[in-house]
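Q: These protein sequence lines are chains A and B, in that order.
The first sequence begins at 1 in our numbering and counts up one residue at a time.
The second sequence begins at 1 in our numbering and counts up one residue at a time.
No wet-lab data here; the hints were simulated from the structure.
Just so you know, even glycine gets a beta-carbon here, dropped at the ideal spot from N, CA and C.
Careful, some of the hints might be misleading.
Stated by the list, open to error - Over the 10 angstroms line for every Cβ pair with chain A, so calculated as not near, a few chain B residues:
{"#": "1", "residue": "Q95"}
{"#": "2", "residue": "T121"}
{"#": "3", "residue": "I153"}
{"#": "4", "residue": "A160"}
{"#": "5", "residue": "T217"}
{"#": "6", "residue": "M229"}
{"#": "7", "residue": "T252"}
Unchecked claim - Straight-line alpha carbon distances no greater than 30 angstroms define the calculated DSS-like cross-link-like pairs of lysine-lysine that follow:
{"#": "8", "chain 1": "A", "residue 1": "K142", "chain 2": "B", "residue 2": "K80"}
{"#": "9", "chain 1": "A", "residue 1": "K433", "chain 2": "A", "residue 2": "K479"}
{"#": "10", "chain 1": "B", "residue 1": "K261", "chain 2": "A", "residue 2": "K164"}
{"#": "11", "chain 1": "A", "residue 1": "K600", "chain 2": "A", "residue 2": "K479"}
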Amino acid sequence: MESNQSEARYASHENTFPKLLRANARMRSARPAMRHKDRGYWRTWTWAEVYENVLALAHAFETLGAGYGDKIAIVGGNRPLMYWSISAAQILRAVPVPVYADATPEEMAAVIDDAQIKIAAVHDQEQVDKLIGAADRLPSVKYIVYDEERGLVDYDHTQLKSMKALMKESKALFARDPSVRARLVSSIEAGQGGDTSIMLYTSGTTGRSKGVILSAERSVAAARDTAAFDRLNDRDEVLAYLPCAWVGDHYLNYAQAMVAGICMACPESGETVQQDLREIGPTFYFAPPRVFEGLLTRVMIRMEDASKLKQRMFHYYLGIARKWGEKILNRQNVPLLARLQYAVGEMLVYGPLKNVLGFSRIRVAYTAGEAIGNDLFAFYRSLGINLKQLYGQTEAFLYVTCQPDGAVRSDTVGPPAPNVTIRISDDGEVQFKSPGQFIGYYNDPQKTAETVTEDGFVRTGDAGIFDKDGQLRIIDRAKDVGKLKDGRLFAPKYIENKLKFFPNIKEAVAFGDGREFTTAFINIDLTAVGNWAERNNIIYSSYQELAAHPRVYDMIARNVAEMNAALAAEPMMSGGVIKRFLILHKELDADDGELTRTQKVRRGFVGERYEPLVKALYDGSHEADISTEVTFEDGRRGTISARVRVQDMQDEATTRPLETAA
Amino acid sequence: MSATAAINSADTRAVTNEVLLAVENVTLRFGGVTAINGVSFDIRKGEIRAIIGPNGAGKTSMLNCINGFYHPQEGRITYKGETRQRMRPHVAASQGIARTFQNVALFNGMTTLDNIMTGRTLKMSANIFWQMLRLGPALADEIKHREYCEEIIDFLEIEAIRKTPVGRLPYGLQKRVELARALAMQPDLLLLDEPMAGMNLEEKQDMCRFIIDVNKTFGTTIALIEHDMGVVMDLSDRVVVLEYGRKIADGTPDEVKSDQKVIDAYLGVSH
């Protein structure tokens, strides 16, 4: 079996995921394919078992009427049955449509209506309730099938079915009548490379979310390229913890696992990911920059409470890692003594730290989605974690660029990924052609035509430049890049990212297009600033109160001043120097529509919603009243009113010494 | 998974007319103070029964009588058809009465899981010799009980705090752990003393859902003391109202709500 495996590591004639699944069930029948922590322990399914379960589920969907081209919604967390539903739909040549599980009923209904979903495979009562609540608006939905039964016993089960029960029936039928199973297996063979493999809805950073159609052969081809690029194989493990409706999860965990035979682990629940990570110890890991940032903040805060001896040891060896760690990771020449010191550090500090974070076994880690601060990036790399950057899009089925081992930098996203062609248009937009490139937007030929150029390149909407060494650098959304009144360049995201690199600042929104100078809204980071407040005996009862505290303002002003100094040094970016700013009285929240579900700021919406505050930033006033409607977690609505102070930045402030919360 | 089967088999709750516990003319005195004065009521199998009343009405004393912590001077308590004069708490526990406390009473230094495991103590069968070695039958026993505890952890959605010492948990979660420990006893009758005291709205909503789910899925009969009237009226099948140790009303939430004596007791009455 072993020799078989290496020969067919990236078996090439399979052009759909069901075919890959079947091949894995043959070649790696006894290798683990999936794990899930349930009732306190990890259950493991081999590829052969996963294959049988998926066949049974496919049969279940078929009996509910699913067939070629029908849309099946997948709504839930990272659970085996959710991923199996995707495979099962693909076997029937139906189209799986993952939906964000934390979507509001309205958002969910919009997607389900747009895609004309026939069957919804959902996790639990919460999702069932959302769908039933909107049932009269969603006539296309014929059945809802669920994973977890709790609370659903009393529901009317004419259109509601338990997946587990259905699978059990199907398996019993397979045993009685093997021809039923054989027919399903032959339908795998009938699958075509041109079939729609999945439809992923974009997060809607720039308006209504659109269904991106991805074909089977292109998806498989793209995943093969990158799996080979990072030499992924069936000894690798991943923990699937990101929303399964997001292209990253589908690509990195589902698609790459299928082509390379990786074992995918599902966490026990959303809150246990950190512990599960430790227990699984993935070898391939992806997290957006904010996750790495949150981990670092937590580590630093916990170190504050450690004994003096440990603190000194920690900081001493962190210094050594900073000096030599990246060089060692990049296989550069490093003196023997430094290597020895680093080895001791690995034993005393880095190793235990990586173990706590669940990073002990990482071979390849990626981050993407936002710019990552150099200090943050260097911190993880200096510990010996092979953290790299990639740049991707749903329309590309993820990868557009990625950094190869040994050529990694924090301010670029790497050269084009394998078999990807990139060009920069005359107006500075990044455009690409890629193996995984999408077919089009669902039911929206006009939008598709707007996005794909006549010669077949996809417009990313991002402004970027190539550095001398061929690595791509993303500046901002192309349409967001504006100009100040005096004509200087205004790239809001560039400024916001710089601000967000300060641990005290969680979110920033910059304004300035067509104005005389640049201003910003700031959200403080409650963990970092709260901890600082505790240590400085600053008493506060709410986010609002802490945000308005004069000493917090002082601290943020120093951060802004430091960034201003850095920007002033960059000739292209001097327009970004912030003249005035304010700290918002509430955290920006996806439930209020201020962030997308992937936590990106909707700048335009925020600008309109807080219109009086923007006005105050420019009319010279020092205070402004604001009252906003908010949605609480339980769905109730209320209003928050506040008087927000506007802070002026002095030019000489840029030279003041720095003090940070950490 | 026998435990799963146990949970899934008891599907829909059945409120019956069968009386699980009857309290007849119970009087409890502490020296000269009469805490409970001739109170009678019953708890039917499968129902959620609320005991309400102003402060000092004798609600907690009533629960303490039911689970054998206090011994009333007069009256009879009949549980599962068996009338008793004196009962000790551990006997009550072994007969299927579990409770939670008004002020959380957990082992602070122990993890959530260990706290819940203590709820299984009475069901452990291996002798002390094996227990000390943690081998053979004791280990088999522990695995079996751990499985049951994991079902409860899943049920109450406290996976993330399984290994956290309860002393470090916020109050709302401690209350939930306490409920988990009581459930670990697989009780027939669950006594909840102010399960939502000191909780915020969201925690209260969660707790309500758990109480209803416990009643539905496990078929557990529940008697609860609660001050939040909205909660009481929504949750319970029947309500008994105490004031100064006497029963002043007994009936469905609607009946009780419109009872003049209850209104007087809660809103005060002009003399």
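Q: So if I understand the rule, the pair passes when the alpha-carbon distance is 30 angstroms or less; does A:K600 with A:K479 pass?
A: Holds, at roughly 16 angstroms.
Q: Find the nearest Cβ of chain A to the Cβ of B:Q95 and say whether that gap is larger than 10 angstroms.
A: holds, 28 angstroms
Q: Is the Cβ of B:I153 farther than 10 angstroms from every Cβ of chain A?
A: violated, 7 angstroms
Q: Between A:K433 and A:K479, does the CA-CA distance stay at or below 30 angstroms?
A: holds, 21 angstroms
Q: Should the label of B:T121 as a non-interface residue stand, given a Cβ cut-off of 10 angstroms to chain A?
A: holds, 19 angstroms
Q: Is B:M229 truly not at the interface, in the sense that its beta carbon sits beyond 10 angstroms from all beta carbons of chain A?
A: holds, 20 angstroms
Q: Is the nearest CB of chain A more than 10 angstroms from the CB of B:T217?
A: violated, 7 angstroms
Q: Verify the proposed pairing of B:K261 with A:K164, using a straight-line Cα cut of 30 angstroms.
A: Roughly 53 angstroms separates the two Cα atoms, so the pair is violated.
Q: For the pair supplied as a hint, A:K142 and B:K80, confirm whether the alpha-carbon distance does not exceed 30 angstroms.
A: violated, 47 angstroms
Q: Over 10 angstroms from every CB of chain A: does B:A160 meet that, or does the non-interface label fail?
A: Given a closest Cβ separation of 4 angstroms, the condition is violated.
Q: Hey, does B:T252 actually stay past 10 angstroms from chain A on C-beta?
A: holds, 21 angstroms
In terms of the numbered hints stated before, the structure departs from hints 3, 4, 5, 8, 10, listed from lowest to highest.
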